[in-house]
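Peer 1: This is what each chain is made of:
2 protein chains.
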Amino acid sequence: MKVLIIGGVAAGTKTAAKIKRINRDADVLIITKGMDISYAGCGLPYYVGNVIADKSGLIVNTPEKFKGLTGADVLVGRDAYKLDAKAKKVYAKNVNTGAEEVYDYDKCVISTGASSIVPKMPGVQLPGVFKMRTPDDAIDLREYMVNTNAKKAVVAGGGFIGLEVAQNLKKQGLDVTVIDLADHVITNFDPEISEYCERVLKRNGIKVLVSTKMESIAGTDKAEGVKTDKGLLEADIVVLSLGIRANTAFLKDTGIEMMPNGTLKIDDQMKTSIPDVYAAGDCVTTRNFQTGKPQWAPMGSAANMEGRVLAQVICGIDKHYKGVLGTAIVKLPEVNAARTGLSEKAAKEMGYDVVTALTVTDDKAHYYPGSAFVSIKLTADRKTHKLLGMQAVGAGEVDKMIDIGATAISMGATLENLEDLDLAYAPPFSTAIHPVVLAVNVILNKINGVLVSMTPSEFLAGAAKGYKIVDAQNVPTIQGALHVVLSETNGPVEGLEKDDKILLVCKRARLAYLLQLRLKAFGYKNTVVLEGASFFNDVVVDEKKK
Amino acid sequence: MKVLIIGGVAAGTKTAAKIKRINRDADVLIITKGMDISYAGCGLPYYVGNVIADKSGLIVNTPEKFKGLTGADVLVGRDAYKLDAKAKKVYAKNVNTGAEEVYDYDKCVISTGASSIVPKMPGVQLPGVFKMRTPDDAIDLREYMVNTNAKKAVVAGGGFIGLEVAQNLKKQGLDVTVIDLADHVITNFDPEISEYCERVLKRNGIKVLVSTKMESIAGTDKAEGVKTDKGLLEADIVVLSLGIRANTAFLKDTGIEMMPNGTLKIDDQMKTSIPDVYAAGDCVTTRNFQTGKPQWAPMGSAANMEGRVLAQVICGIDKHYKGVLGTAIVKLPEVNAARTGLSEKAAKEMGYDVVTALTVTDDKAHYYPGSAFVSIKLTADRKTHKLLGMQAVGAGEVDKMIDIGATAISMGATLENLEDLDLAYAPPFSTAIHPVVLAVNVILNKINGVLVSMTPSEFLAGAAKGYKIVDAQNVPTIQGALHVVLSETNGPVEGLEKDDKILLVCKRARLAYLLQLRLKAFGYKNTVVLEGASFFNDVVVDEKKK
Numbered sequence: 360m361k362v363l364i365i366g367g368v369a370a371g372t373k374t375a376a377k378i379k380r381i382n383r384d385a386d387v388l389i390i391t392k393g394m395d396i397s398y399a400g401c402g403l404p405y406y407v408g409n410v411i412a413d414k415s416g417l418i419v420n421t422p423e424k425f426k427g428l429t430g431a432d433v434l435v436g437r438d439a440y441k442l443d444a445k446a447k448k449v450y451a452k453n454v455n456t457g458a459e460e461v462y463d464y465d466k467c468v469i470s471t472g473a474s475s476i477v478p479k480m481p482g483v484q485l486p487g488v489f490k491m492r493t494p495d496d497a498i499d500l501r502e503y504m505v506n507t508n509a510k511k512a513v514v515a516g517g518g519f520i521g522l523e524v525a526q527n528l529k530k531q532g533l534d535v536t537v538i539d540l541a542d543h544v545i546t547n548f549d550p551e552i553s554e555y556c557e558r559v560l561k562r563n564g565i566k567v568l569v570s571t572k573m574e575s576i577a578g579t580d581k582a583e584g585v586k587t588d589k590g591l592l593e594a595d596i597v598v599l600s601l602g603i604r605a606n607t608a609f610l611k612d613t614g615i616e617m618m619p620n621g622t623l624k625i626d627d628q629m630k631t632s633i634p635d636v637y638a639a640g641d642c643v644t645t646r647n648f649q650t651g652k653p654q655w656a657p658m659g660s661a662a663n664m665e666g667r668v669l670a671q672v673i674c675g676i677d678k679h680y681k682g683v684l685g686t687a688i689v690k691l692p693e694v695n696a697a698r699t700g701l702s703e704k705a706a707k708e709m710g711y712d713v714v715t716a717l718t719v720t721d722d723k724a725h726y727y728p729g730s731a732f733v734s735i736k737l738t739a740d741r742k743t744h745k746l747l748g749m750q751a752v753g754a755g756e757v758d759k760m761i762d763i764g765a766t767a768i769s770m771g772a773t774l775e776n777l778e779d780l781d782l783a784y785a786p787p788f789s790t791a792i793h794p795v796v797l798a799v800n801v802i803l804n805k806i807n808g809v810l811v812s813m814t815p816s817e818f819l820a821g822a823a824k825g826y827k828i829v830d831a832q833n834v835p836t837i838q839g840a841l842h843v844v845l846s847e848t849n850g851p852v853e854g855l856e857k858d859d860k861i862l863l864v865c866k867r868a869r870l871a872y873l874l875q876l877r878l879k880a881f882g883y884k885n886t887v888v889l890e891g892a893s894f895f896n897d898v899v900v901d902e903k904k905k
Numbered sequence: 360m361k362v363l364i365i366g367g368v369a370a371g372t373k374t375a376a377k378i379k380r381i382n383r384d385a386d387v388l389i390i391t392k393g394m395d396i397s398y399a400g401c402g403l404p405y406y407v408g409n410v411i412a413d414k415s416g417l418i419v420n421t422p423e424k425f426k427g428l429t430g431a432d433v434l435v436g437r438d439a440y441k442l443d444a445k446a447k448k449v450y451a452k453n454v455n456t457g458a459e460e461v462y463d464y465d466k467c468v469i470s471t472g473a474s475s476i477v478p479k480m481p482g483v484q485l486p487g488v489f490k491m492r493t494p495d496d497a498i499d500l501r502e503y504m505v506n507t508n509a510k511k512a513v514v515a516g517g518g519f520i521g522l523e524v525a526q527n528l529k530k531q532g533l534d535v536t537v538i539d540l541a542d543h544v545i546t547n548f549d550p551e552i553s554e555y556c557e558r559v560l561k562r563n564g565i566k567v568l569v570s571t572k573m574e575s576i577a578g579t580d581k582a583e584g585v586k587t588d589k590g591l592l593e594a595d596i597v598v599l600s601l602g603i604r605a606n607t608a609f610l611k612d613t614g615i616e617m618m619p620n621g622t623l624k625i626d627d628q629m630k631t632s633i634p635d636v637y638a639a640g641d642c643v644t645t646r647n648f649q650t651g652k653p654q655w656a657p658m659g660s661a662a663n664m665e666g667r668v669l670a671q672v673i674c675g676i677d678k679h680y681k682g683v684l685g686t687a688i689v690k691l692p693e694v695n696a697a698r699t700g701l702s703e704k705a706a707k708e709m710g711y712d713v714v715t716a717l718t719v720t721d722d723k724a725h726y727y728p729g730s731a732f733v734s735i736k737l738t739a740d741r742k743t744h745k746l747l748g749m750q751a752v753g754a755g756e757v758d759k760m761i762d763i764g765a766t767a768i769s770m771g772a773t774l775e776n777l778e779d780l781d782l783a784y785a786p787p788f789s790t791a792i793h794p795v796v797l798a799v800n801v802i803l804n805k806i807n808g809v810l811v812s813m814t815p816s817e818f819l820a821g822a823a824k825g826y827k828i829v830d831a832q833n834v835p836t837i838q839g840a841l842h843v844v845l846s847e848t849n850g851p852v853e854g855l856e857k858d859d860k861i862l863l864v865c866k867r868a869r870l871a872y873l874l875q876l877r878l879k880a881f882g883y884k885n886t887v888v889l890e891g892a893s894f895f896n897d898v899v900v901d902e903k904k905k
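One line per chain: the protein sequences are B and A, in this order. Sequential numbering of the first sequence, starting at 360, is according to the numbering used here. Sequential numbering of the second sequence, starting at 360, is according to the numbering used here.
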């Protein structure tokens, strides 16, 4: 069996290695356009910030090493430009010699990945303008930054890579501005979480301009700034992080089925619409495990799982890929942010009776050094109590919370399945009531009417208009609010009428919740707790982690 | 409704607080023997090590503060000595005044917890002998240690608390020996994991003597040593951490149903065998969620969940507690160790067709600073592919791995449910192939016959006898083994016959696995990979975390 794999980063090398493991007799050849294979694409921003000091850290395998480890052949510098599905041949140009080459296959795997989108606008070809997609991009950027003693950078695009590059440039001492056309950065998060992250970035000295259109790059011999619809931003370095586009243009003539965004349509066995042509990685659209709908998940983690399934399918094993939950995580200055499952908006669009709750808590025993806050937003279906999504942001271990959430959602868990979860507790690792269990308790309280609360989004949308604000903190900080201390509340409160619409606010909503229950007992009918007050005034940011 | 709660640490205070939240009109009174309520029992060892500097860090709430927050009354220093179930009265002695007091109830909650077991042997009452159960124990120990300038300590009992105290004493500069009657410390782990932890402790300067019987404590005016069946161990400080016993002796006359270990038998609504008497926390035996069998889980995390269920039940809400998985975690010097679900032994006893696999991997991208190793042992049923248990040890984030495992086991996950899990990946948080997914792949490979391997336990039991040992590392370290380099293996290997019994060994079993596949392709019939070689020579201990 002759397997030809076009593209040799994550999905391609994984597929090749696994095929050779299953069937040593298979003749596996990877041809790839670039000169590097199997590189750490997700690590590139950290090379820019010198977190990864040496470029050797970015390259997982060389072609020679890979051949030795796996037995699969690799030819670099081969730019595939045509696939003849009937003749089962792929045509490629040897990038170094210019020669045209033809490769036969019995099975062909498209794992050509995706490339950075470079807009057609003046200045994009100037020195000082960089992408962030291959090791060379990162190496070139760091070199340029050092050699030119760059002071100012603009990162165009506030996705994960953009924000990672921005903070690594900031770490290197540059003045950094992130611009994005959308009204928020990291738009795969719910808007209030994105907005929170924007405030964190700003507080850490990274400027963020949303709803901002890049018009051109200023400069004659080199980049000197970015012209936007809001004015000129000076910049010695411009990083284009505007998204990626699947490298599938060379397949257009084949009639292969593609999604509107140019990714390949595949089934759950990674088969394309053309017989004996398979695909995996950033160039395919897989599907969402929860919704069953197509979803593009250009992630190293998915690429590896897809490659593993694909290799088995090619070797005749009946494997199916279940798809993604849209799980993602990003390290920001001071906090981490992560998500899994449906967003609030997506859940509503799917017709669920959506309820959300945001809970702020510690990730470890409060008295244990290094404990830090996490804010967990759960999205659930009010009817079935099914957990639909989780988003988390905080200085603490959001990765753990999201991995629990992803596992639970994968298994179709209801909130009741999770309220008694026996998770690992000791003071250096968690709180006696685990943060995820606490978050589940809170949303169950809300569903059951025990807690009546307002989400940050509702608050931001003006839902608190007409409410009297009560500051439930022991030491009040909210100007103009009535200060009510829970432990001194043993009857009706002076200044509050039983029918008043009252918004109860404190740092983590815990005291506010307790006060709500007490006020209810004393006949107050319209109290509402504000969830996650930290989303508005940052009062809970953990000083310890700064 | 008059609710009397006997005992005010975790379960008692949780129950009281939650009842008052649901029903402010309930008359809730906690009586408790000690002078502290709601303290951080799990934090005590860290006070000894000055990780928690101030004793105020140990006390979560005072009675006054608690009353203010919850509305529940607390009387400290009340030693309940009798319960009259017919008259619905509890008799207690006022510890301070000596007065006998009587308390009525409509509903009574037993949350008296458990006390340290103090063996009847000479010397246990000497100064310098301590327990580790209450804040006073920790405060007294630290004070004594500092005041007497103690140099040597013996910790009797190698459970979690014993090991935590040992390393905190070591941190304070003492020479520390842990002794245990059993043949291993932390016996809730599989033996090879316990043994590994023992080696880690020893390497970090903590002596460990297992299968050692304490006979008496030596000394006249103060503790000077521990006499054991293996000789005298000098000690200025002796910590008794021999386990705990439920504080239920005062209920013996009531005829209340108890387990053989003196804990109270309860149903999943926390009801005891006596009408209107409930119980929660360390003094009850709950049940195992997987097996349905009774299981004692004296943990702060379970106590809180039990209290939450119990409060709702008392308030007329139909709630049931699902029980525990035996999840537990402990921080050791250099590594962390955690477990959930069935042990290998328990799984076998339940009749499962047990398969286990140990996988050693990084917890973060290998090139990202701070990445550290984790060894994950999965236990599964060969027939149904159901995940039954997970144990993990390593310098990396074992808490995350175990929490994923606990969630999966709770939901009844099969390995196939987990092999495509979309968990959070970015270099600062995880590896592209998540450690848990990798561990699942490995055990599936083993079940499917793709990987033929030997577990550390099998190796320790002598299963490798008669095998030729092949060192598959790139740089060989195993004396007397044949060195075989994967990338140079393209045919039969000199020195190995096709029928030889061959044990393939490398640090993390990855190269050994790849070599096995290659040797198979070249006709070798009896190769076996050794899982987790790090369990024998510690080659993979992460230098970065030291």
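Be aware that one or more of the hints could be misleading.
As the list makes no split between identical chains, a pair holds if one copy fits it or if it spans any two.
Lysine-lysine pairs mimicking DSBU-like chemistry, simulated, CA-CA at most 30 Å apart [to be verified]:
no., residue 1, residue 2
1, Lys424, Lys824
2, Lys652, Lys426
3, Lys678, Lys745
4, Lys866, Lys426
5, Lys611, Lys707
6, Lys857, Lys424
7, Lys742, Lys681
8, Lys426, Lys448
9, Lys827, Lys424
10, Lys704, Lys414
11, Lys426, Lys441
12, Lys884, Lys452
13, Lys361, Lys566
14, Lys879, Lys824
15, Lys414, Lys866
16, Lys884, Lys678
17, Lys681, Lys745
18, Lys745, Lys652
19, Lys529, Lys857
No wet-lab data here; the hints were simulated from the structure.
Peer 1: As a check of your reading, is Lys742 near Lys681 (CA-CA no more than 30 Å) within one copy, between copies, both or neither?
Peer 2: Classified as both; 25 Å inside a copy, 22 Å across copies.
Peer 1: Between the shortest in-copy and the shortest cross-copy C-alpha distance, which are at most 30 Å for Lys678 and Lys745: within, between, both, or neither?
Peer 2: both (28 Å within a copy, 18 Å between copies)
Peer 1: Is it within, between, both, or neither for Lys866 and Lys426, if the alpha carbons may be no more than 30 Å apart?
Peer 2: For Lys866 and Lys426, only the inter-copy Cα distance (21 Å) is at most 30 Å; the intra-copy one is 57 Å.
Peer 1: Please work out whether the CA atoms of Lys426 and Lys448 approach to 30 Å or closer within one copy, between two copies, in both situations, or in neither?
Peer 2: within (23 Å within a copy, 79 Å between copies)
Peer 1: When no copy is named, should Lys879 and Lys824 be tagged within, between, both, or neither for a Cα gap of at most 30 Å?
Peer 2: within (21 Å within a copy, 73 Å between copies)
Peer 1: Between the shortest in-copy and the shortest cross-copy C-alpha distance, which are at most 30 Å for Lys361 and Lys566: within, between, both, or neither?
Peer 2: neither (52 Å within a copy, 59 Å between copies)
Peer 1: First find the shortest C-alpha distance between Lys827 and Lys424 inside one copy, then the shortest across copies, and answer within, between, both or neither for a cut-off of 30 Å.
Peer 2: between (68 Å within a copy, 27 Å between copies)
Peer 1: When no copy is named, should Lys414 and Lys866 be tagged within, between, both, or neither for a Cα gap of at most 30 Å?
Peer 2: between (44 Å within a copy, 25 Å between copies)
Peer 1: Using 30 Å as the alpha-carbon threshold, which applies to Lys681 and Lys745: within, between, both, or neither?
Peer 2: Close inside one copy (19 Å) and across copies (18 Å); limit 30 Å.
Peer 1: How would you classify Lys611 and Lys707 at a CA-CA limit of 30 Å: within, between, both, or neither?
Peer 2: Neither: 36 Å inside a chain and 57 Å across chains, both beyond 30 Å.
Peer 1: Given a CA cutoff of 30 Å, do Lys745 and Lys652 count as a within-copy pair, a between-copy pair, both, or neither?
Peer 2: both (19 Å within a copy, 28 Å between copies)
Peer 1: State whether the alpha carbon distance between Lys857 and Lys424 is at most 30 Å within one copy, between copies, both, or neither.
Peer 2: Close across copies (27 Å), not inside one copy (75 Å); limit 30 Å.
The structure does not agree with the numbered hints 1, 2, 5, 10, 12, 13, 19 stated previously, though it agrees with the rest.
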